[in-house]
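S.K.: Chains as they are written, first to last, in the working numbering: chain A, 1 to 154; chain B, 1001 to 1154; chain C, 2001 to 2154.
Please note that a few of the clues may not be correct.
[As the list claims (entries may be wrong)] Taking CB as the label site, the calculated pair distances span:
{"id": "1", "chain 1": "C", "residue 1": "2047", "chain 2": "B", "residue 2": "1060", "range": "42 to 50 Å"}
{"id": "2", "chain 1": "A", "residue 1": "12", "chain 2": "C", "residue 2": "2006", "range": "48 to 56 Å"}
{"id": "3", "chain 1": "C", "residue 1": "2085", "chain 2": "B", "residue 2": "1125", "range": "18 to 26 Å"}
Quick caveat, the hints were computed from the structure, so don't treat them as lab data.
Just so you know, even glycine gets a beta-carbon here, dropped at the ideal spot from N, CA and C.
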Amino acid sequence: MTGIVAARLKELGITLPPPAKVLGNYMPAVLEGHIAIASQAPVVDGKVKYAGRVGAEISLAQSEDCARLTAINVLGALHVALDGNLDRVRRCVRLGGFIAVTPEFKDHGRVMDSASDLMVQVFGDKGRHARFSVGVMSLPAGLTMIIEGMFYID
Amino acid sequence: MTGIVAARLKELGITLPPPAKVLGNYMPAVLEGHIAIASQAPVVDGKVKYAGRVGAEISLAQSEDCARLTAINVLGALHVALDGNLDRVRRCVRLGGFIAVTPEFKDHGRVMDSASDLMVQVFGDKGRHARFSVGVMSLPAGLTMIIEGMFYID
Amino acid sequence: MTGIVAARLKELGITLPPPAKVLGNYMPAVLEGHIAIASQAPVVDGKVKYAGRVGAEISLAQSEDCARLTAINVLGALHVALDGNLDRVRRCVRLGGFIAVTPEFKDHGRVMDSASDLMVQVFGDKGRHARFSVGVMSLPAGLTMIIEGMFYID
């Protein structure tokens, strides 16, 4: 891995994860034409790191670490789809965050800020994206979060 | 703001909102290549107008006004991303609606119809889009709705 | 309907449904530029086949049939948007699954595998996609599932 984004990741102390194992007929990330899409979860070494709802089993502070980890996994998947060259990212177009929460939870935005901040730390102005954050009933394996990123690739 | 769509908005009595303040490292709308994406909420002058669940705190009639307002905010954000020229919209490709609802609620389609109708009122046949409407557990700040629009831009 | 994908569908014993009636100002699928998007539900002949939550009213086995049916409906809508020529699909880029579930449900992935498997059965390697699966509070008309597919079209 070389390039401007790789150097920036090193500065930030971020090591991208190896390609995640996928258990079904889908992919960690797909690039076709200029569009790349990656959906990822808060998983480390193939094991779920964060399960449970924010506002109950998971605290707000934990959820921020969870969102940062999930965003790093999005970059890890994207990195593989781009054959290791993240400098091809012209733009992080959009992040969509699905967060398992309690009915009363209202701080979805603060949770997702950790993911958004990461994109801007890594890509600078190219990392500024449209975004939605929604609170869902439940996620696969009891995951706390899934983030889907859409990127425009040169 | 000039052009065909601007004239149509004037006919409809719709004034697009000024650019929304965004509190984090994200944008009201992003345009890259031919794709623009905007996610918006039922907010007026930076204040939440509709909070609470449809079927409980928010009536069906209120939810229809909420969806129309949210769709107008999507156009407002898009308008800024297009430097004021909505005539560049070749197509509203897709609307995704996330609606805070009670478990028993079933009229998501009727809620979102107000947003879909607005797109067709403003863009004519170019406003006809694919669509999903889902009922979620909760949204940031207790919002009643978030709509994400995807547009193809010339 | 002719072509390689049509022959493959015949081999698999799959008949695509006729164009679904849409009740509002939206479309079963939209193609613009190279991007096609279709959102569909588990409906047969205009009638809801699967309503209710997976983990309660709907069993896991039923949910797998539901996901396969919904994915077939996505292809049916796409087929119409492509004027009957599914050979123009260069890639199934992404599937997004919204599933009505109980709070305790954890097997969203297994449900969506039926949809993912169908895409690969029909398109081969072109059918391998990015994917998210989320559990939601409720869906229009009490539907068990909505799948939104994004395709890259030649």
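S.K.: Now look at each hint and say whether the structure bears it out.
M.R.: Tested hints:
1. C:2047 / B:1060: 42 to 50 Å: Taking Cβ atoms as reference, residue 2047 of chain C and residue 1060 of chain B lie about 24 Å apart, which means the hint is violated.
2. A:12 / C:2006: 48 to 56 Å: Since the Cβ atoms of residue 12 of chain A and residue 2006 of chain C sit about 50 Å apart, the hinted range of 48 to 56 Å holds.
3. C:2085 / B:1125: 18 to 26 Å: This hint holds: roughly 22 Å between Cβ atoms.
Figure legend: structure checked against the earlier numbered hints; the only hint not met is number 1.
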